[in-house]
Structure formats: C-alpha cells, structure tokens
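Sequences are here, hints too, so could you generate the full structure?
There are 2 protein chains.
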Amino acid sequence: MTNDADMLEALVNTGILLSSEHSIDVLLEQTLKTARSLFGAEGASLYLADSGMLHFRIFSNPVLEDKLGPEGVRKAYKARPVKIGPGSISGYTAYAGESTIVTDAYNIPGDAPYSFNTSFDKSSGYKTVNLATVPMKTRKGKVVGVLQLVNLQGLDSFSDTAMRAMEAFGAQVAVAVENATLTEELKKAQYETITRLAAAAELKDPDTGDHLRRMSEYSRDIADACGLDEHTVELIYYASPLHDVGKIAIPDDILLKPGPLDDDEWEVMRTHTVIGADILRNPHSELAAYARDIALCHHERIDGKGYPSEIKGDDIPFAARVVSVADVFDALTSRRPYKEPFPAAKAIEIINEGAAKGQFDPEIVKAFLGIAGS
Amino acid sequence: MTNDADMLEALVNTGILLSSEHSIDVLLEQTLKTARSLFGAEGASLYLADSGMLHFRIFSNPVLEDKLGPEGVRKAYKARPVKIGPGSISGYTAYAGESTIVTDAYNIPGDAPYSFNTSFDKSSGYKTVNLATVPMKTRKGKVVGVLQLVNLQGLDSFSDTAMRAMEAFGAQVAVAVENATLTEELKKAQYETITRLAAAAELKDPDTGDHLRRMSEYSRDIADACGLDEHTVELIYYASPLHDVGKIAIPDDILLKPGPLDDDEWEVMRTHTVIGADILRNPHSELAAYARDIALCHHERIDGKGYPSEIKGDDIPFAARVVSVADVFDALTSRRPYKEPFPAAKAIEIINEGAAKGQFDPEIVKAFLGIAGS
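Read top to bottom, the protein sequences are chains L and W.
Heads up: the first sequence begins at 129 in the numbering used here, then just goes up one per residue.
Heads up: the second sequence begins at 129 in the numbering used here, then just goes up one per residue.
Quick caveat, the hints were computed from the structure, so don't treat them as lab data.
Incorrect hints may have been included.
For identical chains, the list gives no copy identity; a pair is met inside one copy or between any two copies.
Derived DSS-like pairs: lysine-lysine, alpha-carbon spacing no greater than 25 angstroms straight-line [said to hold, decoys possible]:
#1 Lys211 to Lys467
#2 Lys316 to Lys268
#3 Lys440 to Lys270
#4 Lys433 to Lys494
#5 Lys203 to Lys161
#6 Lys385 to Lys332
#7 Lys195 to Lys206
#8 Lys375 to Lys270
#9 Lys203 to Lys385
#10 Lys315 to Lys268
#11 Lys433 to Lys375
#12 Lys316 to Lys195
#13 Lys440 to Lys195
#14 Lys268 to Lys211
These numbers were taken from a predicted model, which means no experiment stands behind them.
In structure tokens, the structure reads:
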C-alpha cells in the first residue's frame, strides 16, 4: 500500500485525465493501471452494467496476461457475463452499490451473500488470493459498472482513507462512463427527430423513400467533394432527407395532381419550404438547424430568382445550395408520371447550364462535375 | 496550505460527492467550500461558460458575505458577466484553458494578457490580494467554466502538486457540470422529436391544435387521478398529442370528408393507428415508446372489440387506456361540422356508459369521474 502523497498524486492524475483524455477507452485503461499501482494490486478489471448483467470491458493484469496472452484474457473474461444480484462477488457489489472486500477468496464465510467462483482460476491456472470490488456509481446513485482489483498487498490492513480513495476512483470513472453514454444517447435522440419526420414525410408517396435516399447520398458526396469537413458532410447527409418535409401540409389535390399545376396551385406548392422551416423552427441541435436551412432554402437560386425569400449567393446557406443540385439531379434522372428519366450525361449538362444561368452555385457544380463525371 | 493527507481526503470526498450528490447546486456548493478550505483561500467563486461569456453561478466567501450580505454578493457578481478572451483574468483563463496564478492583483506586469479589474473591490470595499483561477475542462477539452479562488495563504510558494490538485478539482467539477448539461439536452432532444411530429401532424387541420392541447391536459389529469407517479404522468402528457400522428398518411378525401365515411373509407381511416406506430417504431426513449403505445392502442376497447389488434384489458398499455377516455371526452364536448358540442354532464354520462359497456377501463373512468365531477 502506498502513502498518502502517492495516492493524492494518482487521484489528481485521474482527475486531470478525466478532462484531458478524449477516448473513453484510453481513459479506462489508464485508470485501471493507476488503480493497480496505487492500491498495490496484481490485476484490475472493469465491467459495465447493461440490462441487469455485468459485461467485461477492460483489464490490466500482467501476470494473467503472461499466462493467457491479451486475447486469451479478454476471451476468458468475455465468456463470463455476470448477473447483477446476490451470488457472485461482482454481481453482488453492483447490486448492493457498496464495496466488497474479500481477504481470502477460497475461505468466504458461508453466510456471505456471495461466493467465489473458482472456475476462472481452474481454467486459467491463475491463483486469486483476495479481491476488492468497487461499484461505479453516478451522481444519481445508478451503478454503471464495477471496478475489481485482485491480489492486493496488505488488503487485511487497508486504511479507511484507502478504501474511500478506491470508491472515489469508482465514482470518477462512473461519471466519465455516464458522460460518454449520455453523449451517445444525445446524438441518437437528435437523429431520431430527423428520422421520424422523414418517415412521416415519406408516407404519402411510396416513391419518395428512394428519392430521399439517393438525394441524401448525392448531397453527401457533393458536400465531400466541396472539401467540407467530415462532421458537416454527415450533418448534410442526415438533414437533407427533410428538404421536402413541408409537403406534409400540401393538400392531396395539389401534391398528387397528375397534370401540371396552375399558378394558384404553384403558389400553394411553394409554401412547402416555409412550412418545412416552421416544423423545424427553433432548432435545439446543429442537425435540426441544418434541416431547417435546407427545408427553407433548397429552392433559392444563386441569382436571387428562387423562392421563398429570393435571397442570393452566399446568403443562401451552403447546405441548401448543395442539396438543390442533388435534388434537381435526382429529379432529372428519375422516371416521373409525366417524363422518362434523362440519361446521366444529359442531366449533368442541364445542371451545368443551370450554373451558367444563375440557378446553382458554380463552385458546387464544379465539385459535382468532378464526381459525376467519374 | 494544508498537507498531502488533507488534500487527499478532500479530493476523495469530492470524488465521492460526484457520485452521491443528486443536486448539481449542492454539489457545486460543497465543492467550493472544500476547495476554499483545502487551498486556504478566503473565497471561491464559480462561473459557467455560455455563448462566449462567463456567467457567475455560485460563490463561497464569508468575508465578502459579511460586507454585502449573500444577496448583495450574488448581485455584485451577476452584474459582471465576463467575455471569454484576453483582458480579464477569468476570461483569459477560460480562453487559454490554463490555470492563471496572480500573486499580487494590484501589481500585474504590463505584458500579461490580462489585467485586474479593480471596480469590484472599489464598490464592495473588498481587498483582493491574490487569485488562482482554474479552467473547468471536460474530457473533450471544452472549457465549461472557471473556478476562481481569492486571497490564498502562501500562494507564492504553492507546490506543483497543489497546483495540479487544483486542476483536478476543476476537472471533476467540469465533468459533473457536463453531465448535468448532457442530461438536460438529452431530455430536450427526446421531447423535440415529439414536438416536431406533433407540429407536422397539426398542419392539415387548424382545429387539431386545440384538440391536442386539451386532450393532453385531460390525459395528464386523469393519469394523475389514477395515482401514477409524476414522471409517468409527464410522459403521458407529452406523448398523448401524438395519438393521431398516423393521420398524416390518410388521403385528404377520407381525412377531410365532410360527410360520414363508408366501410372502405373507415378501413383506411383505422390504419392511422398502425401508421402512427410505424412512424414511432423502435423508440430510443421512454417518451417515444409511450407515444408509440398510445398511437397504436388508443382505439382498443377493454372488451377486446376495438382496433387495430382487438387486444383487451391489461393487454392494452395503461397510457393508451387513459388517452382513449380523454380523446373521446374532448370529441364529445367539441363542436364538429356534423354535431353541436355536448354539455360536460352529458359527455361524462356517455363516458360512464362506455365503461359499463366494455369500451373503457372502469378504474380509469372512476378516476376521471372524480376529477370531472369537481
């Protein structure tokens, strides 16, 4: 067992690591190594809770690694998910939400709410002497996993501070794990808004689904060819299927009219841009903001002769300028009740003319030609 | 300055606090007090970053509090939001993402990227001697705020460990703050999915908006009267406006038909339940799962004679049973093209008969009568 100064150093390091280490995997790995050296343990392993079970996530144990190799250890651990509840040591620790100290693994009193499973030792040839298992508890008291240290020096005479330092460790890791999970869930929730709306928008017209998939792929490829960063390309890819979401509110007799629309009908049809922006008003996420911009501005023209706002040039959001090219290209190359599909070469020619006439952004069309020609 | 053992104790406590303290406010308050005593500082204050500015959040400074009173301190701090960037000490700390040690506030070298603003001391009569300002940095390197300690004992001879312990503090608080923010954003994002879809569903029919508002209020009140917990009542309140979202896909000539529907038209109309469930398939959040259950099952009957699945009794999700009562009650008491609104007493009578005939859950209707009669 190390002294207070060392323990302080280690806790400080973990604290700083929490705020400096981008990758959750590296963070967990470093934490295990620090915990091992700090509490004088031969090995450490970490399990995350999911649907009532503990699943192995990561380990640090050179002795065991010498015996089985890193892959062997991982396989041995992975094969043993553990039920959260009385029974096993780690399962009980997660269940009770309290640290469990086992000073002699092979002599656990019969009335303990857990017993030591010897099968791991038997199959690996490892000799477990003692174990300290700490719950990883979040601020709301939720146990997100456990941290298990094995074969600690002087576990019999562990100080109260050492025990609590161990729990502080568990808490720090829990918060980091929870943050990683929340970040992931937040992204999913933001994408869910878009996916559900797109699903709703597709319902009226079975052809729409294919059009949306193709045009979001074209939009992604064009955005990429324009040299946008990966994150922005992804935003455009996911936001573009919502460009026509406002059509939900257009009456069927206009939306589904087999013949050409008259002037009044066109006027109604054009409102799908502002209605789409209205459905997406006050966006809370970057993704929803992109979707709103695209819905509102994908019929604007670079020369200011588009709709609904007749804005021009750089006043039109870049994403909307990308989507307008993708949208028209897919319309040209698709079969419609009133027209045959144009061959790609002809459609490219029309897009190119569109750029010359002030419909599209010439830079974006240049990027489009670079990939469409290939 | 305290010794290593004390510092360890404090960091351990903060670590454990991170995982035990439910309220972020109490957490921050405790952290400031601990930081103050640990680093021998007269005062501590915490600022959170938002849109390029630092905003005061919380303080702990008995000397200043004696002078101005707690409200006076809060007002004095709140009146001074600080720009993130070179200029002020806290603004520079957040900007640079590095700790700033000022050993003599009134003698800062002229070439420093910050200066000390004396106006606070002047107006409050407080005497700032020195300052240690630490960025609160998350795992992704984002500065979410700064922690500022004022009038520290022996700041001139602060050890390297003490400095790093201070940064570990900042990191721990940053992670906790980030966690609280993420939780809040996740909730918002999950509600956004619902709000957007409801906005889209309302567009076809201007009357729908009022109906949705009323029936979600009725649903909430009935759920509450049934004795459900606050969280579930809130889920039902927010999910219920999506009960008819599937109507987005019903053709206008059926959806908006002024007269009664024939059998074939009814068959189409009834599909709004399964279409709604389809729009909400594979829900990622509890809220979306409630919305899907309600959309699918709000026309089922307790006797199994409803649609689309003809399930009965407890097989119908409780939330859907609640919403079916609220939905029918609002329909009865509203004006429709083909009918005058029923008076509330008559509508209540019809609902009560509906329970007797096996349309509604008698327990839910009992709860409804309890509040509807009052």
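A quick look at each hint next to the structure:
no., hint, result
1, Lys211 to Lys467, "neither (61 angstroms within a copy, 59 angstroms between copies)"
2, Lys316 to Lys268, "both (22 angstroms within a copy, 19 angstroms between copies)"
3, Lys440 to Lys270, "neither (53 angstroms within a copy, 36 angstroms between copies)"
4, Lys433 to Lys494, "within (21 angstroms within a copy, 62 angstroms between copies)"
5, Lys203 to Lys161, "within (20 angstroms within a copy, 46 angstroms between copies)"
6, Lys385 to Lys332, "both (13 angstroms within a copy, 17 angstroms between copies)"
7, Lys195 to Lys206, "within (17 angstroms within a copy, 61 angstroms between copies)"
8, Lys375 to Lys270, "neither (44 angstroms within a copy, 40 angstroms between copies)"
9, Lys203 to Lys385, "neither (61 angstroms within a copy, 63 angstroms between copies)"
10, Lys315 to Lys268, "both (22 angstroms within a copy, 16 angstroms between copies)"
11, Lys433 to Lys375, "within (21 angstroms within a copy, 36 angstroms between copies)"
12, Lys316 to Lys195, "neither (41 angstroms within a copy, 50 angstroms between copies)"
13, Lys440 to Lys195, "neither (69 angstroms within a copy, 59 angstroms between copies)"
14, Lys268 to Lys211, "within (22 angstroms within a copy, 33 angstroms between copies)"
The structure fails hints 1, 3, 8, 9, 12, 13 (numbered hints given earlier, in ascending order).
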